[in-house]
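Participant: Sequence:
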Amino acid sequence: MKLRIYIKYVLILFFGILVLSSCHTSKVAMKGKPGQIVEPQADVAEKYAAVMGVKNRDIQNGRLYAFIEQWAGTPYKFGGQDKDGIDCSGLTQLLQQEVYGIKVPRMTSQQVTIIKRKYEEELKEGDLVFFDFDGKQFSHVGVYLQNGYFVHASTRKGVMVARLRDNGIYKFFSRAGSINIDQAITSLPN
1 MKLRIYIKYV
11 LILFFGILVL
21 SSCHTSKVAM
31 KGKPGQIVEP
41 QADVAEKYAA
51 VMGVKNRDIQ
61 NGRLYAFIEQ
71 WAGTPYKFGG
81 QDKDGIDCSG
91 LTQLLQQEVY
101 GIKVPRMTSQ
111 QVTIIKRKYE
121 EELKEGDLVF
131 FDFDGKQFSH
141 VGVYLQNGYF
151 VHASTRKGVM
161 VARLRDNGIY
171 KFFSRAGSIN
181 IDQAITSLPN
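So the sequence shown is numbered by the UniProt record's numbering: it starts at 1 and just counts up by one.
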């Protein structure tokens with residue numbers, strides 16, 4: 001009888017530990033300093049390589065993809081800049097600051113003024129891409145990744161990686177370019 005009770009308690013303890021140990025959240029750490037290229041975690045590289053149709057080795061900026069992984073799925077909130085909700089220009093500003101160490105203005109209309117324009121085929125990781133929605137010029141912004149993909153805060157799906165040439169968004173694509181560092185720092189309001 002005592003042996004049965006003992007086994008029962010051991011099993012309860014074992015399953016309790018098993019359940020509790022599986023209830024942790026995995027957080028992707030952003031290693032290195034802003035602007036420093038560090039190797040991404042293997043699972044993160046594999047995930048985004050699959051999304052963008054590239055090889056795992058093509059995912060090289062660990063800070064960038066760790067940032068995206070941390071913010072993925074965060075809902076859209078106009079004027080927001082935290083995990084409760086973020087808008088497109090807030091995401092762009094935060095990404096540029098935390099990943100590249102570049103201070104850019106908060107608003108999309110200000111961000112577009114600090115870029116050196118590029119053609120779509122010239123885009124590189126970290127470049128900004130702008131869109132005109134609802135007849136409003138430069139009403140949306142995202143950050144180019146590679147292979148025709150960019151990250152942005154979608155009003156419907158929150159922070160996500162999307163294909164630039166998707167029919168739903170490409171028709172609104174209006175401008176793109178790299179950040180002019182001198183203008184980025186000096187164009188911030190006091």
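Just to be clear, a hint being listed does not mean it is correct.
[As the list claims (entries may be wrong)] The calculated SDA-like cross-link candidates involving lysine to any residue, where the alpha carbons are at most 20 Å apart (straight line), are: (1) K103 to E125; (2) K124 to Q96; (3) K157 to K55; (4) K118 to K55; (5) K136 to T113; (6) K118 to R165; (7) K83 to T155; (8) K55 to G158; (9) K118 to Y149; (10) K157 to T74; (11) K77 to G158; (12) K103 to G79; (13) K157 to K103; (14) K77 to T113; (15) K136 to E121; (16) K83 to K136; (17) K77 to R165; (18) K136 to R156.
[As the list claims (entries may be wrong)] Across the chosen pairs, the derived CB separations fall in these ranges: (19) N56 to Q137: 21 to 27 Å; (20) E121 to K55: 16 to 22 Å; (21) K55 to D134: 34 to 40 Å; (22) R163 to K103: 27 to 33 Å; (23) N180 to Q81: 20 to 26 Å.
None of these hints come from the bench; they were simulated from the model. Computed from a predicted model, the values in this text were never measured in an experiment. Backbone N, C-alpha and C define an ideal beta-carbon position, used for all residues, glycine too.
Participant: Of the hints stated earlier, which fail here?
Facilitator: 3, 4, 8, 13, 14, 15, 16, 17 and 19
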